[in-house]
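There are 4 protein chains.
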Amino acid sequence: MKAAVLGASGYGGGETVRLLDAHPAFEVSFLGAHSKAGQMLGEVHPQLANSDRVLAPNGDIPDDIGIAFLALPHGASVHVARELVAKEIMVVDMGSDYRMDTDERYQFAYGEPHAYPDELSDWTYGLAEWVDVSGTNKVAVPGCYPTATTSALIPLAAAGLIDPSTIVVNSLTGVSGAGRKVAEPFMFGSVADGVSAYALGAHRHRPEIEMGLKLFANVEASVTFTPHLVPMQRGILSTCTAVAGEGVTTEQVQAALHAAYDDKPFVRVTDGPPQSRWAVGSNAVIISGLVDYHTGTVIVQGAIDNLLKGTAGQAVQLANTMVGLDETAGLPMSGLMP
Amino acid sequence: MKAAVLGASGYGGGETVRLLDAHPAFEVSFLGAHSKAGQMLGEVHPQLANSDRVLAPNGDIPDDIGIAFLALPHGASVHVARELVAKEIMVVDMGSDYRMDTDERYQFAYGEPHAYPDELSDWTYGLAEWVDVSGTNKVAVPGCYPTATTSALIPLAAAGLIDPSTIVVNSLTGVSGAGRKVAEPFMFGSVADGVSAYALGAHRHRPEIEMGLKLFANVEASVTFTPHLVPMQRGILSTCTAVAGEGVTTEQVQAALHAAYDDKPFVRVTDGPPQSRWAVGSNAVIISGLVDYHTGTVIVQGAIDNLLKGTAGQAVQLANTMVGLDETAGLPMSGLMP
Amino acid sequence: MKAAVLGASGYGGGETVRLLDAHPAFEVSFLGAHSKAGQMLGEVHPQLANSDRVLAPNGDIPDDIGIAFLALPHGASVHVARELVAKEIMVVDMGSDYRMDTDERYQFAYGEPHAYPDELSDWTYGLAEWVDVSGTNKVAVPGCYPTATTSALIPLAAAGLIDPSTIVVNSLTGVSGAGRKVAEPFMFGSVADGVSAYALGAHRHRPEIEMGLKLFANVEASVTFTPHLVPMQRGILSTCTAVAGEGVTTEQVQAALHAAYDDKPFVRVTDGPPQSRWAVGSNAVIISGLVDYHTGTVIVQGAIDNLLKGTAGQAVQLANTMVGLDETAGLPMSGLMP
Amino acid sequence: MKAAVLGASGYGGGETVRLLDAHPAFEVSFLGAHSKAGQMLGEVHPQLANSDRVLAPNGDIPDDIGIAFLALPHGASVHVARELVAKEIMVVDMGSDYRMDTDERYQFAYGEPHAYPDELSDWTYGLAEWVDVSGTNKVAVPGCYPTATTSALIPLAAAGLIDPSTIVVNSLTGVSGAGRKVAEPFMFGSVADGVSAYALGAHRHRPEIEMGLKLFANVEASVTFTPHLVPMQRGILSTCTAVAGEGVTTEQVQAALHAAYDDKPFVRVTDGPPQSRWAVGSNAVIISGLVDYHTGTVIVQGAIDNLLKGTAGQAVQLANTMVGLDETAGLPMSGLMP
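Here the protein sequences come in this chain order: A, B, C and D.
According to the numbering used here, the first sequence holds residues 77 to 414 in order.
According to the numbering used here, the second sequence holds residues 77 to 414 in order.
According to the numbering used here, the third sequence holds residues 77 to 414 in order.
According to the numbering used here, the fourth sequence holds residues 77 to 414 in order.
To be clear, the hints were calculated from the coordinates, so they are not data collected in a lab.
Computed from a prediction, not measured in an experiment: that's the story for all the values here.
Keep in mind that a hint or two might mislead.
The list treats identical chains as interchangeable, and a pair is accepted whether it falls inside one copy or across any two copies.
Said to hold, decoys possible - Subject to a maximum C-alpha distance of 20 angstroms in a straight line, what follows is the list of computed DMTMM-like cross-link-like pairs (lysine to aspartate or glutamate):
1. 340 with 128
2. 340 with 159
3. 340 with 97
4. 78 with 327
5. 163 with 136
6. 290 with 177
7. 112 with 177
8. 290 with 139
9. 163 with 327
10. 340 with 208
Bound conformation, chain A alone:
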């Protein structure tokens, strides 16, 4: 099937190209970009093979494409995604334009009404282990923080093991999570050897996390979310804390995680706390949880590669299911260490 990648010059777009180049069923036949249109692929992604391919303007996407992967900044997918669907091209939107289920939640996260509020419910929010996208033609890929966080919390919230009104999430992300924007906060001199939190009490992924817990665990959650920037290229580790249900044990917590995930090829439940690098380079989610009996809280963690399971990997996983392939087709099962 012919595939297009729009926004191929960014980090998420580059990873999508890399995955699709090695994929048994998709063939990359169009590479789109905005300001970098006209440049060779090798100029913007010197790590990619066949570096003499040329980036075209995003708008030049031809009609014979079967599936389009949109790796565009916030606000840039909202019109083009609809147009592609109208042309009967399947759309996997890695951006944030169609993730929210209601305009109210969209406004809460993004501060303004959606351009097509009535169409939000037509899109599937593709947290791949919790929704079946086979046969659908338009899917919104969850954000990176929400993927790591809700994957860890959903089984516990659904089983009533935690009080969803007391959730505190502290997430640590590699610098690639900020995208490829050239700005002083992301310079080596600003970032290396130090850590800081940002967007305290105000990150756009907080409402998305609460939505995920509503959609897949059917709870009304209150989430205090503090993301931190850490001096590493890739990886997210979400440490989630919540008041434990009465008498809840570590064994129950781990059992609920195993029950949810033992048949899922990309999710691994570990006994001890995961390291983010165990997941980096693969499409894995690694999860572990326990009860802190001293304080009566549950601590549960999720680790992913923000550019793979958090973006391009989950996009390909979803596309696989959309077109009827095995969900693991073409995706790395093992991470890269050291």
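Using the hints, position chains B, C and D against chain A.
Just chains B, C and D, lined up with the frame of chain A:
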């Protein structure tokens, strides 16, 4: 005044030597070590000047010493600290042997009774901005995590702005926090480019944090504490979350911090969230807080250099006050960036 | 074909397992280890899928294996490699025991005679772009530094564009190049944020580089070789300098590189200097060269991933050819950025 | 003495402020900036104490200043430095405008004639261990690479132990060496975990290195210079190779280094190769050399902190001597590890 550093071969000991070498009033006249006794200082700390000084066995400390800085592993200070005091040598213990106020708390943290439980109350727990050590002769330097964490929480707990039974602390530390132990978890290959939490629900600094809140804010706190190892050499950032008191505002939170610290030379209260590197290389604590009105929580953060304000710097600050000097004598006021 | 990996617990062994797990023709049916035999794969390589496989003692390798990959420390392959060959198992030795062509050179590098000096010439030194191993059954994989260095130098030496008696090589390696040895020089605290050279004038790879230039460019070279340890996980960049032949131009240098490599799938010749990360995560070699007309020297650089093209990737590339597959089978063509 | 820092918003300017704030004799009474004039010091250097000082336009420097430190980009000192001298203000220029001894050499490095070629010889090129600047009023601080490199080479070239026409220098620098420019090549995503060389055969510091060898060793040198960017904040390691003189031994090399430097407070000659971090945080130069008898070459290395001995530290060292203070006044003697 003649000063001795015991445990001079470790990270904290090395920093103590560096600070004292540049100090206007203390003169390093004895360098002690355990397994590395007999080696030249330059073999174990090639960054230090006058590298041809030789490390002596810790036990060879002469009697003409005025003040001893103990940078020893847990359990190694318990006897020697008493013996030095008996010889009328002032003691600044950077280790954990005399930090706890009661044997009950000591047992809770360290799993066994203290050798001299009746003497615990003779030692001053030296969180330098909250206790006056002038005229005392034996001081226990607080741990690195407790210093960053309680410095941020005490003013808010004391003012009733947070519910102390709901505190969640997520701390991020540089690798030097683990000390100089040669072990696979601290290899470059194990640590660089990734993050992980450790000692979930079980870290020894949790009871110490609760003790600090009792001593200086007079509250009974419950603290869920999750430390994380981050790929940087130095620095701690503690992100503390707690349920806000009814109607509490960000302005009240910041005002309480300013009221506590505006006259303290090493503490800076900032409007936005601090970066750990703003403190690294100096004896500073940098603190900021706000209310997340959506969830009704307070988020307050503290950043320090774990080897300076978290160990050797606070030790020298305390020693300055113990002997009647200005507390800033010989200590770096500015951090090192980039 | 059934494959065995001996020394699967090390860095090179782990990467071999990762590559073979995703390979279309080889099936990993035996995982051997020495001191870590008996442990689960997930304990030593938590990043690998199917982590519940168990490491067996290296010596338990069964007879039905078709090909064995040896990722053993220096000296540990010398007997077992022969025994496997005697059992008609193909051997790809990633270690250093059978790399040298003569016992004289072996002694020069390793300081003692080889156990089976007469058999050295039976092994093929597998610098994959310069020798055809199809149909052979015992191949020694070149070292990581020699692969990066001789790949860059051979075309220029063979064409007479440089004076081989004046070669100066400065190589920069990631810390994984030191293997998985737990020792103070490879701790995060020792390595991060700094650089140093080691084994000045005495590294074992220097004679191997000179041998490669003899074997494939037919020149007697003199190489001053200085390796440097750099705070990154993976990657080698070799910067090679030599006196240029009379009147030699940058165009001639680049033309010789293109002529040698334009038909090689894993080698890319770039106009400007390569970054090591362009190659990391793939089996690529990236090379560029120019003339410094001011000093009359040629500067040529080669970049690789030390664990892939420098170890496990080249091993699989050679194995592919040995058994008649396309040399690229199962190998990553693109690197991983950021 | 009242001191001004022009260009205080950059990395070198910030370090100058930090050093002068802790200096016993200089008082920072003016902070100048160009595009960041009007901002608070704490906005551009959050690590510095007294962060509420305001940056003024560089041109507003008052007349009562005794000494001015110029931390300006190339080309920005050329006029202002003369004007300050005319006002009888002492000038320490950390920029590159007055480093060259002749207009010919200036043109060779910078590609255009100097604005005041006749005045170049009025400035002292302040390689502090090799020239006495006491009593002078205008000094150009050497570049960072030249400081690390010529410090290592001068004693050997002066003693005839190396052939100066065969020098190959490979330098490794931390990212702060590129200054505070916001550009994609210096983003964390571009730099971390990888290495690359730049400006091959064309770096402006090459002629300056050759000039240093002429000025202080009286040799006509030919230097092939390849700088590399390494993922660390600070530090330079220069590895210099040259053909050894007939019969030259390691003992002679080390003896020449010791003879040159044993009475210099900031230079340390070590037996083994230095790590860059041994110097980082201090004004030290660490040097070591040996003969590679196999190839008949000398390898000599120099390590410094590029922002201290390579910029701000050497500037203060020179200023100390200019005004008659001990050259070590206010300067850190020990580095910062880990």
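Cross-check of the supplied hints:
In this homomeric assembly, residue 340 and residue 128 come within 20 angstroms of each other (Cα to Cα) only across copies, at 16 angstroms, whereas the closest approach inside a single copy is 38 angstroms. In this homomeric assembly, residue 340 and residue 159 never come within 20 angstroms of each other (Cα to Cα): the closest approach is 34 angstroms inside a single copy and 42 angstroms across copies. For the identical chains of this complex, residue 340 and residue 97 are inter-copy neighbours only, at 19 angstroms across copies versus 25 angstroms inside a copy, given an alpha-carbon limit of 20 angstroms. Taking identical chains as interchangeable, the C-alpha atoms of residue 78 and residue 327 are never at most 20 angstroms apart, the minima being 47 angstroms within one chain and 39 angstroms between chains.
Only within a single protomer do residue 163 and residue 136 lie at most 20 angstroms apart by alpha-carbon distance; the minimum there is 14 angstroms, versus 60 angstroms between protomers. In this assembly of identical chains, residue 290 and residue 177 lie within 20 angstroms of each other by CA distance solely inside one copy; the values are 10 angstroms within and 46 angstroms between copies. In this homomeric assembly, residue 112 and residue 177 never come within 20 angstroms of each other (Cα to Cα): the closest approach is 32 angstroms inside a single copy and 44 angstroms across copies. In this assembly of identical chains, residue 290 and residue 139 lie within 20 angstroms of each other by CA distance neither inside one copy nor across copies; the values are 37 angstroms within and 56 angstroms between.
Taking identical chains as interchangeable, the C-alpha atoms of residue 163 and residue 327 are never at most 20 angstroms apart, the minima being 51 angstroms within one chain and 49 angstroms between chains. In this homomeric assembly, residue 340 and residue 208 come within 20 angstroms of each other (Cα to Cα) only inside a single copy, at 13 angstroms, whereas the closest approach across copies is 43 angstroms.
Comparing the model with each numbered hint stated earlier shows that hints 2, 4, 7, 8 and 9 do not hold.
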